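4 protein chains.
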Amino acid sequence: MNDIFASLESEVRSYSRTWPTTFDKAGGSWLYGEDGTPYLDFFAGAGALNYGHNNPRLKRKLIEYIERDGVTHGLDQATAAKREFLETIDEKLLKPRGLDYKVQFPGPTGTNSVESALKLVRKITGRESIISFTNAFHGMTLGSLSVTGNSMKRGGAGIPLVHSTPMPYDNYFDGQYPDFLYFERLLEDSGSGLNEPAAVIVETLQGEGGINSSRPEWLRGLRELCDKHGMLLIVDDVQMGCGRTGPFFSFEEAGITPDIVCLSKSIGGYGMPLALTLIKSEHDVWEPGEHNGTFRGNNPAFVTASEALKLYWSDDALQKSTIAKGERVGQVIGEIADKYEGAQAKGRGLARGLGFEDPETAGKISKAAFDRKLILETSGPQSEVIKIMPPLTVSDEELEQGLQIIVDSVQAVLA
Amino acid sequence: MNDIFASLESEVRSYSRTWPTTFDKAGGSWLYGEDGTPYLDFFAGAGALNYGHNNPRLKRKLIEYIERDGVTHGLDQATAAKREFLETIDEKLLKPRGLDYKVQFPGPTGTNSVESALKLVRKITGRESIISFTNAFHGMTLGSLSVTGNSMKRGGAGIPLVHSTPMPYDNYFDGQYPDFLYFERLLEDSGSGLNEPAAVIVETLQGEGGINSSRPEWLRGLRELCDKHGMLLIVDDVQMGCGRTGPFFSFEEAGITPDIVCLSKSIGGYGMPLALTLIKSEHDVWEPGEHNGTFRGNNPAFVTASEALKLYWSDDALQKSTIAKGERVGQVIGEIADKYEGAQAKGRGLARGLGFEDPETAGKISKAAFDRKLILETSGPQSEVIKIMPPLTVSDEELEQGLQIIVDSVQAVLA
Amino acid sequence: MNDIFASLESEVRSYSRTWPTTFDKAGGSWLYGEDGTPYLDFFAGAGALNYGHNNPRLKRKLIEYIERDGVTHGLDQATAAKREFLETIDEKLLKPRGLDYKVQFPGPTGTNSVESALKLVRKITGRESIISFTNAFHGMTLGSLSVTGNSMKRGGAGIPLVHSTPMPYDNYFDGQYPDFLYFERLLEDSGSGLNEPAAVIVETLQGEGGINSSRPEWLRGLRELCDKHGMLLIVDDVQMGCGRTGPFFSFEEAGITPDIVCLSKSIGGYGMPLALTLIKSEHDVWEPGEHNGTFRGNNPAFVTASEALKLYWSDDALQKSTIAKGERVGQVIGEIADKYEGAQAKGRGLARGLGFEDPETAGKISKAAFDRKLILETSGPQSEVIKIMPPLTVSDEELEQGLQIIVDSVQAVLA
Amino acid sequence: MNDIFASLESEVRSYSRTWPTTFDKAGGSWLYGEDGTPYLDFFAGAGALNYGHNNPRLKRKLIEYIERDGVTHGLDQATAAKREFLETIDEKLLKPRGLDYKVQFPGPTGTNSVESALKLVRKITGRESIISFTNAFHGMTLGSLSVTGNSMKRGGAGIPLVHSTPMPYDNYFDGQYPDFLYFERLLEDSGSGLNEPAAVIVETLQGEGGINSSRPEWLRGLRELCDKHGMLLIVDDVQMGCGRTGPFFSFEEAGITPDIVCLSKSIGGYGMPLALTLIKSEHDVWEPGEHNGTFRGNNPAFVTASEALKLYWSDDALQKSTIAKGERVGQVIGEIADKYEGAQAKGRGLARGLGFEDPETAGKISKAAFDRKLILETSGPQSEVIKIMPPLTVSDEELEQGLQIIVDSVQAVLA
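Protein chains in written order, with UniProt numbering: chain H, 1 to 415; chain Z, 1 to 415; chain A, 1 to 415; chain P, 1 to 415.
It should be emphasised that the hints constitute simulated quantities derived from the structure, not laboratory data.
No copy is singled out in the list; a pair is fine if it fits within one copy or between any two copies.
Calculated pairs, BS3-like style, for lysine-lysine (alpha carbon to alpha carbon, straight line, at most 27 Å):
| # | residue 1 | residue 2 |
| --- | --- | --- |
| 1 | K25 | K92 |
| 2 | K339 | K364 |
| 3 | K59 | K320 |
| 4 | K25 | K310 |
| 5 | K59 | K25 |
This one's a predicted model, so the numbers in the text were calculated from it and none came from an experiment.
With the rest of the complex left out, here is chain H (with noise of 0.2 Å):
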C-alpha cells in the first residue's frame, strides 16, 4: 500500500488503517484492490450502498445525465433533475404511506441534515434543549455531535456538549424496568430539573451505538410520549432508512410518523453525496435561506436517487427480499450466539450485529474476516459488536459466501 496515505493524510484517518489495502474498482457486493483481488463488501458504506457498488442501472443513467451535460451543481435552484426526484419522492415514497412532508435540502451528508432539524424543532418550540439517547450516533458536527453519545467523538468537540441530556434507549436496562420509565417522571415532574425539551431525536435501530434495535410498541410509546407532552419527534434515517431494515422508513414498522425526518447515506443511490430532511408541513417554519449549503443541490445524485427509487420501491419486492435475507443472517447469527458464552445476535432486517463480551474481540473478527477478503465493521461504544452490513441487493451466494467467512473468522478468534 503506497504510503502517501501515511505521510500526507490525517492523523485522523481510520478505515485505511482497519482494511490496509488501496482499492480500485467495485461493483455491486465487491470491492477490488489494485491488484484484482476481490473483496466481498458487508459494509456498504457505512450503509450508503444499499443497492450496492456502481448499480449498473444508476450508472446508466448517472452517464447519461452526465454525458447530456445536465447541471450538476445547482446550489438550491430549480433544475429538471431535482424536479423529477420530487416528484418521485411524492410518488414512490409519500403519496403511497400518507406522509405530508415538505422536503429540505440541507447540505449533502447526514450531519448537515440533522443539524437543520436541531435548528428548526428549536426554533418551533422556543425551546433549546434536545432529548437524546444512549449509544446514539447522530453526526460530528457541533449540533449533531451534542446529541451524540460516544464519549472519544463527544471529546473531539474541545467545548462542553450542552443543551442535551441522553435517556436509556430501548432495553438499556434489558427490558427489567418499564419503558420511558425515568424519562416520564422527569418530564412530569416540575422540581425535575429537566430543561423542557424541544424533542426527541431517535434512531429506530442505532447502527454505529451497536445495533441496538428498538421495539416497535417501544416507538410507539415514544411517539406518544412526544405527543403528550409537547416535544416534536425526529426520527434520524440517515442509516437506518433507504430500505435497510426492510421498509423505506424504518419507522414504518412501528406505524409512528415523526415530525422530520433525516436521510442520507443511501438516499442518492449510487454512493454520492446528498441529504434529505422531511419536516410535516406544518412545522416548515423556515424562512427562505436560513439554512443552506453550496452542495445542497448535488443534481448527478437527485438522478441516481430518482432512478434507485422508482427501481427498488415501485413494488415490494426489495423490502420483503431485505427481510428474508435478514432472517437467514439472524439465523446464521444465532447459531453463533448460541455456540459462544456470551455472544449475542442483534438487529433486524439487514442491520445485523453480533456481539462479545471481550471488548476486542470484534476487532479480532473484523481483521480475521478481512484476512478471508472480507469487510466487516465493528460498531459499539468499545467496538464490542461486529456489524454486518451488506448491500441490500447482495445476492443469496453472496451471502452464503459472507456468512461462511464470518461463521470461520469467529471460530479462528474464539477457539
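Guided by the hints, dock chains Z, A and P onto chain H, whose structure is given.
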C-alpha cells in the same frame, strides 16, 4: 416553472425564488433553461464552479472513471483515486509553495471543514473561544454558525451562539483607526474580559459578507498577532481559494501561512461535493476516527479534483488570466461607482462586488440582470452588494457580454 | 398591614404575601406582630434559626462585641473574632469527627457557598459537568440555579441552564428500582452521552424539594459511586446542617465524608448572614483571592457562631433532644397520614413534612395554621408538602402547641 | 499572628496575607490590632464602610434594636424595621430624585444583586446576551463572573463564561477614538455577529478595575445608545454608590436614569450584609418568589441602613464634604503623578487611585504604607493602581495623615 418546488420543497428554498426558472443543462459559463434559453452565469455555483460548468476535460475523466467502475463511495479507505489526488495536492499545491500541511477529508462541504478546524484548534490549545470577524460567513452547522456574522442566519440556531467574539474586519472603520487596535488591547489587558482565544478564523476576502477584501498587510498583522498571543490562524478559503482571487490560495499574496486552511467548493473541480482541511503537520493531533463523515471519500470528485489541479495549476496561466480579467471587471465597476453617488467597487481577482447605499438597489439590479439572462447574486448583511463571480474560465467575450448586462441593469435601475 | 410593601417592594416578594402581617419583635420560638400578637414559628427562618429567635446567650455575646467596638466588617482580614471562630470550628466540629477540612468564607449566603463549591470542583477535575438530583434546591445565582430542580425558578434564569444533569433522588421511584441504576449505567457506558461529571451535589434531605429524606445506605452508595468514578461529592448542608436532622452534619448518620460541605443559614447562630465552604484539605487548590466577597468576614456573626457551637455542640444534648422531638413530630404526622387518604409523613430529625395528593391542600393548611397563629411553610415542586421546622430549641410545650394547631388545621381543611 | 489562619483557612484567603496582623477593634477611620496598634483605614471595607467603622450613631440604633428583641432574621416577611427602611428609601433617595423604582431585596451581597439584575433583564427582553466593559468587576458567582473582566477570576469559573461581550470602557484608548465607535457599529450592522444584547451593565467608576472613571457625557451617550437599540441599562453601584463619588448614586452627576441599579456594601451603613436591586417599576416583572435568598431580610442592617440614610442623606453636607475631600486627595496624588514618570492620578470623589507603569510598584507602596500603619489596597488588572478609599467620614486631619503616609511610601519605594 413547475410548481412542485412551491408545493413540495421547504420554505427554506431560496435561489429558486431569485431565479424563477427551471434549468436543465449547463456548459462553461452557461446555464440553460428547459426551453433552451441560455443564461450567462456570473455566480458560478457560489464559487464552486471556478472551472465552469461541466468542464469538458474534467467531464471526460469523470466519465472514464465511472465507466471503468472506479470506486465511487470510499469512506476514508485508501483508493487509487484518492492516492492520485493526494499526490497531486502534494505536487501541485504544497511542494511548490513550501507548505507542510497534512490533508484531512472532513465530509464534503465547507461547513464540515470549518467544524473540523474549530474542533482541532480547541483540542490543540485546550481553549474554547474563537475570534471571528464582522460579516464573516463560515457555514450553517452549529459550530460554523457561531463564527458567522449574519443575524438572520444566527437566529436560525434557536440557541444562544457562544464561544466566539467578533472583531472588526479590515477597513471596518474605513481605515480611520489602527488595525487590530481593539483586538490587541483586549488580548494584552488581562482584565479585558475577553476569553483567551484558541484561534482566529478569517476569510481573506468576505464573499457572503459583501465582497470585503482585506489588505495583505492586515493579514500579515493578523498572523503576527496570532503568533504573539498563541492563537492559531484558520483561513477559511472555501469560497476564495482555488484561484478565485488569482493565486490558488487567497492568502498567498499576503505571504502568510495559516495553521489550518479550509477548502471546499471548487476543490472538486466539477461541482461535486468535496472538502479538505489542511493542517500544519505539527498540529495534526487527531485521534484516528475522532472526526469522520460518510461521504468524506467522494472518489469521483477526487478524480476531477486531481485533473483540475493538473490542468490549471501546473503553471501560472490561470492565475494571470484571473488577475487580468479581475482588473477588467474592476475597471468597469469602478466606472459605475464613479458614475453613481454612493456606489462602491469592491473585491479583487474575480471576486468582485458593487455596493449601493440603498439596500434594495442590488436586488433590483440582480433582477434586471436576470431579465437580461445574466445570473448575478447579491451579498452583504442587507444584500446591498452585487456579487460578480464568473467562472475563472470565462472567455473575454463572455466577460464583456456579462459586464455590459451589468452596466445596462444598473442603468435601468438607477436611471 | 402598611401597604408600602405593596407599593414599593418588588413583585418578587413572597412571604409577606403568605403571612400578611407586619412583624416587629421575636424571641425563641415566637414572632410578634406589631400589635403584640404572638406567632409560633415552625419555619425558623427556613432553617436559619435553629437556636431560636434572638437566643439570649448569643444576644449577650453579640451586644458585648458590638459595645466593645469589635471589628464589624472584616473582608477576609484576620481578626480575633474570626480566629476564635476557626478555633471553635476545629475543636467542636472537625476534630471530634476526625474531619480534615479547610474552611473557606465564600460570601455570607448559601448560594455563595454552593457557587464556590461548583467552581472548585471544576478547577480540581478540569471537567464542567455536575450531577444534581431531582427536586434539588441549591440557590438562585446562576451556578446554583443550574443544579436546582424547580422549573419556575430555573425559568427565571432567562438563559439555558447547562453543565448539569439531574439524576433520580433516593426513592424517586418508591424503591421499585435499584439505587443508582441509571446513573451508574451512564457512567460505565462510554457511549452513554453523559458528559463526565466533575462532581455530584446532594442534600441528604431535600427541604425545598418537599422534605425528601435519603437513606444512609443510599448516601453510602453515592459516596462509593463517586469514589469509583472519580467524581467529587458535595453535600449542601445549608438547610439540613447545624443539627437540623440531629447530628451537626446531616451526613453523619450515613458515616460518609463529603469532599466539600456547604454551610450557611444556622451556622451564624443568631440569624445573621454567614456561610462556610468546608473543603478536604487535599482539594484546597484555590489561588489567593480567586473567589471572594465583600461580606465574607461578617465578624458579629463569627461571634454568635462561635458561641452557638460552644453552647450546643460541646455535648450531644441538642442532638438527642432534636431526635426525640423529631420522633414526636413524626408520631403526630404519622397519625395524620394514617387518617387521611394520600397523606404522607416525611422527613427526619426536626425537618419534617406532611405531603398531600391535592397540591392545594398544603397551602390551605398553611393558611389555616396562620389563622391559628402558627407559621408553617410549604415545599415541594407544587408546594404540596407542609414543612415542619421549628427551632431545635423549641420547648416540649411549644412543640405540642404547634402540633395541635397542625392537627386542627388539617382537620379544618380536610374534614 | 496566630497561625490557625494558615493552617485551617483555605488558601483562597487574601487580605490576611496583604495585611499580616490580627485586628480586634475598630472605630471611625481606624482599625486596631490585638496589641492595640492603630491602623488608619483607607480601604474602608472595600467601600462597605463609607460611614466609618462602628459609627456610634448607627451603633446606638443597632444595639437598641437588638436589646429590644427586634426581629433579626426576617426572610422577606414584612417587619417594622423593613417598613421603616422602605419608607426611608422612598423619602431620602427616590422622591427627592424623582426616581420611580421598585425595591428588591435579593440576598445580602453585591453579587446577589447583580445576579438578580441579569436574570431580570433577560426575562424582560427575551435575549441572553449582556454587554459588559473592559476591566469591569461585578462579582464572583457565575452570572456576575461572566460580566467581570479579570482573567484570573474568570479562570476560577472552571467553565467557559458565555453570554457576554466586553466593550471598551470610557477612555480605553485614551480618548483617541470616538465613544462607542465599535459598539454602535456592531449594533447597527446586522452582519456583525454580535448577539443582540438584553442589557448593558456598567460601573460609572471601576473600583476593582483600576479606579477608572467614566465621563458624564460618556454615560449619557451610553444611555442614549441603550434607548436607541432597545437595551436595558444596569448600573452596578455596589462599590461606587452610597456617596462614594459625592452624590448618593454615582450616576447622578451624569443626569441619567438606569433601568436597574445594584446596591450593596455601604447601603447597610454599619458594614453588615445587605443588598438592594432597584428596578424601574415598568420593568418589575418578577413572579413572587422567582428570585429569593435566606438572608434577604437582614433586619439589623435595615435599622442601621435607615439611620444612615437619615443621618447622611437628609441634606447635601456629606456630598459636599466628600467632593471637597476628594479634591484634596486629587491634589496630592496629582502632585505625585507629576513628580514620577508614568504615574497617573485617577478617580473622582473619594474613590481615587494612583497608577504606575511597573505593576509591582503599587504592591510595594501598599506594603510600605502598611509598615507605616495605613491600610491601602491595590486594584487594576495587574494590581498596578493604589486604591485610596477612606471612609467618607474621615476627618481632615486623618485625611492629611493618610495622604502624608502615601507620599512617604511612594517616596520610599520610588526614590
